[in-house]
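Work out the full structure, taking the sequences as your base and the hints as a guide.
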Amino acid sequence: MATKDNLIQVTDLKKYYNRGAIKALDGITVNVQKGDVMVVIGPSGSGKSTFLRSLNLMEMPTGGSIIFDGVDITKKKVPNEKGKMVKLDIDKHRQKMGMVFQHFNLFPHMTILENMTLAPIKVHHMPKDQAEKKALELLGRVGLGDRAGAYPIQLSGGQKQRVAIVRALMMEPEVMLFDEPTSALDPEMVGEVLDVMKELAQEGMTMVVVTHEMGFAREVGNRVLFMADGKLLEQGTPDDIFLHPQHPRLQEFLSKVL
Amino acid sequence: MSVSAAGFAKTFQYADMFKEGMLCTVYLSFFTVILGFLLALVLAVMRLSNFQPLRFLAMTPDGHLREEGFLAAVGRFNPISFIATVYVEVVRATPMLVQLFIVYQVVFSKNVIDLPSVTVLGFLKLNRFLPGVVALALNSGAYLSEIIRAGIQSVDGGQTEASRSLGLTQGQTMLYIILPQAIKNILPAIGNEFVTIIKESAITYTIGVQDLMSAVKAAQAGTFLVLEPLLVVAAMYFCLTFPTSKVIAYFERRMRRGDQR
Chain A
11 MATKDNLIQV TDLKKYYNRG AIKALDGITV NVQKGDVMVV IGPSGSGKST FLRSLNLMEM
71 PTGGSIIFDG VDITKKKVPN EKGKMVKLDI DKHRQKMGMV FQHFNLFPHM TILENMTLAP
131 IKVHHMPKDQ AEKKALELLG RVGLGDRAGA YPIQLSGGQK QRVAIVRALM MEPEVMLFDE
191 PTSALDPEMV GEVLDVMKEL AQEGMTMVVV THEMGFAREV GNRVLFMADG KLLEQGTPDD
251 IFLHPQHPRL QEFLSKVL
Chain B
894 MSVSAAGFAK TFQYADMFKE GMLCTVYLSF FTVILGFLLA LVLAVMRLSN FQPLRFLAMT
954 PDGHLREEGF LAAVGRFNPI SFIATVYVEV VRATPMLVQL FIVYQVVFSK NVIDLPSVTV
1014 LGFLKLNRFL PGVVALALNS GAYLSEIIRA GIQSVDGGQT EASRSLGLTQ GQTMLYIILP
1074 QAIKNILPAI GNEFVTIIKE SAITYTIGVQ DLMSAVKAAQ AGTFLVLEPL LVVAAMYFCL
1134 TFPTSKVIAY FERRMRRGDQ R
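Heads up: the sequence lines are chains A and B, in that order.
Mapping of the first sequence onto this note's numbering: position 221 corresponds to residue 231, and the numbering continues sequentially without gaps.
Mapping of the second sequence onto this note's numbering: position 98 corresponds to residue 991, and the numbering continues sequentially without gaps.
Honestly, I wouldn't trust all of these hints.
[Stated by the list, open to error] Derived pair list, reagent style BS3-like, types lysine-lysine, alpha-carbon separation capped at 30 angstroms:
#1 K1077(B) with K912(B)
#2 K97(A) with K132(A)
#3 K208(A) with K44(A)
#4 K138(A) with K87(A)
#5 K138(A) with K1077(B)
#6 K1077(B) with K132(A)
In case anyone wonders, no lab produced these hints; they're calculated from the structure.
Nothing here was measured: the structure is a model prediction, and the numbers come from that model.
What follows is the structure, encoded as structure tokens:
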């Protein structure tokens, strides 16, 4: 039962640059379970973003394995149902992982509605009217129902990030990856984005969130990872991490950010 | 040497030839632009492809890719990109005139591709016109492909990441996300190249294409005037290139306006 609930099993994940001179990830082992809201914190350059980006292979790891839905996605070839080795179709797996970026990465030449319906129409072959209906419904839920025809340039940062979140949700992912989703926002817009993420967490979405928002980590996260120098130094519940930090690096980090 | 009204009057007796020459230049440029642009797109995509047939050589026994060493370099070898790069470098490093003569005298010679002596589009000699178009397109395709490649690389990497994270394939990402933005970025450079094609098409008169430049030769031979026919033809080229650059500038402004709504 316990293994069945594991959505992503990361084992000894490594990412080296320059023949191992730079170890962005130095042996990370962690399990993401269904329904987890896992918050990754740590100082700049600690490898948090590299870790998150490795999960859907935006970065190709140097070593270790990532088992997602029972398949090791770091391998070039994987066995299919009949046990025959076939080429791994990474696009298939990425469809099941939504990703939200620090700089939103909306497509500037498309309207909000087109941004949202492109992938469902092209990848899932969803009929256009159905995709648009679904997009409008999601936009309504994040309070942007009237901006469907707008272009990204016309939206504020907070609005753009809310669109980016629902754009990823259009593909009905099993897990959502957030890479510092509020770091590029003006302070007054951080709240509106965190509210959407909080709502998503309450609906039971599995989430991995890299963030500097300690308040969000404490309030919404059910597990917190602390990373430094490419290593996972401490993990636990928000109370463990924020009230009873063990590792000196974590204590030092918290004394600076809290 | 002086310019006289009488000289121009004599030159204008060849108005029909100038008219046909102008049409010929327009056709030459038009087909060159289309062929050259298609070739350039193919070349640019080839150069940016990541087809690595020898990648299995760079695999470690546990199935990861090597990052360093000779085998890693062999594994990264991309024959498609290599061919396109060689093509672009060779074309850019050899004279247009040499390329034109190779196409006309070798590729379209009697023993390779023998074109029938027919006229197309009313008055164009196919066995002169087609080699001209092909040579110009092969040449401008190389230059345009460098422009397109730069345009593709100028699109923010986050766009590709966002697209791939949504599960779109590499090809879909190129088609729906990267190229539309790239074209917008490089429109001025493409416009310049189109204008260059119009001007460079004059070189095809050396293989007997009856374009504007050959009309000058005829007028000069018939009137013994040197300067007037040249001035007339310069004005006519200007009438072709100036509106072209203005039209492209218009599209450029219109696309930018879309950004700032």
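Hint by hint, here is what the structure shows:
1. Proposed proximity of K1077(B) and K912(B) is contradicted: the alpha carbons are some 34 angstroms apart, above 30 angstroms.
2. In summary, the hint linking K97(A) to K132(A) is supported, as the alpha carbons are separated by about 22 angstroms, within the 30 angstroms threshold.
3. The straight-line distance between the Cα atoms of K208(A) and K44(A) is roughly 16 angstroms, inside the 30 angstroms bound, and the hint therefore holds.
4. Distance check on the hinted pair: K138(A) and K87(A) sit about 34 angstroms apart at the alpha-carbon level, beyond 30 angstroms; violated.
5. Between K138(A) and K1077(B), the direct Cα distance comes to roughly 26 angstroms. Compliance with the 30 angstroms bound is thereby established for this hinted pair.
6. Distance hint between K1077(B) and K132(A) is fulfilled; the C-alpha atoms sit about 23 angstroms from each other, no more than 30 angstroms.
Consistency with the previously given hints fails for numbers 1 and 4, ordered from lowest to highest.
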